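Please put together the full structure from these sequences, using the hints given.
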Amino acid sequence: MTLNFNKKFYNLKTIEKAIKAYRRLADFKVEENKNRIKVRIRNMDKEIKKILSDEFCNYVLAEMKKFF
Amino acid sequence: MTVIKNNKIILSLNSKLYPLEAVLGAAYVFLDRAYIYLDGDPEKEISVHLKGKRELTKKELEDLANEFWNELLNYSLRYQISKNNKKIREYIVGAALLGTEALLGEEASSGSSEEILEEDWKKDPLGIGIPWEEKYLKGKSQKNEQK
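Residue numbers (our numbering), protein chains in the order written: chain S, 1 to 68; chain R, 1 to 147.
Don't read these hints as lab results, they were simulated from the structure. Quick caveat: nothing in here was measured; it's all calculated off a predicted structure. Be aware that a few hints might be false.
As the list claims (entries may be wrong) - Cut-off 27 angstroms, straight-line C-alpha distance, at most; resulting in silico cross-link-like pairs (DSS-like, lysine-lysine):
1. R/K51 / S/K29
2. R/K86 / S/K66
3. S/K8 / S/K66
4. R/K8 / R/K59
5. R/K53 / S/K66
See the structure below:
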């Protein structure tokens with residue numbers, strides 16, 4: 001699964017912070033281009049597979065509060 | 001404009017009407033009720049994806065979106081007021097800080113702060129400088145002597 005974060009709303013530091021918090025639940029890989037930050041999520045814990053990506057997005061958004 | 005699909009409702013907002021700060025403010029309020037994802041261009045059009053944390057009907061999704069619009073309006077107003085009041089807030093804080101400075105200035109003009117402090121502790125109006133034995137045991141020792 002890949003999540004696409006728009007750099008105009010999300011920043012890399014926050015995403016890395018979220019990955020640190022979620023690192024035990026799955027494997028994360030970050031790729032960055034000019035406009036977007038791509039987060040690839042693999043080997044997710046079966047029990048939380050359905051909600052992991054959505055919860056991850058919310059976590060990043062909540063962390064973004066500190067930057068505004 | 002709104003799009004509903006897969007337990008998700010996508011709202012498109014004109015960022016000239018709703019600033020990014022207001023969108024983020026409203027989004028934070030909904031973090032515990034929905035999964036939120038932002039996309040688009042903060043200078044033109046912002047897309048807000050609201051996904052139900054449980055399976056929601058079309059009506060429930062529309063209600064969620066309507067509540068989000070209201071919250072957005074609330075935050076837009078708050079943002080606008082804080083923007084309009086920025087100067088007066090800065091003035092009040094500035095005046096408060098300058099007031100403290102002026103007060104210190106007056107003290108300085110009437111005598112150096114060291115002199116004032118020296119005078120104050122010499123007076124000792126609360127009797128802090130008196131030893132505990134003198135203050136409290138004097139009466140007791142006199143009573144004991146009388147006995």
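We went through each hint and held it up to the structure:
no., hint, verdict
1, R/K51 / S/K29, "holds (24 angstroms)"
2, R/K86 / S/K66, "holds (20 angstroms)"
3, S/K8 / S/K66, "holds (15 angstroms)"
4, R/K8 / R/K59, "holds (12 angstroms)"
5, R/K53 / S/K66, "holds (24 angstroms)"
Every hint from the earlier list agrees with this structure, and none is contradicted.
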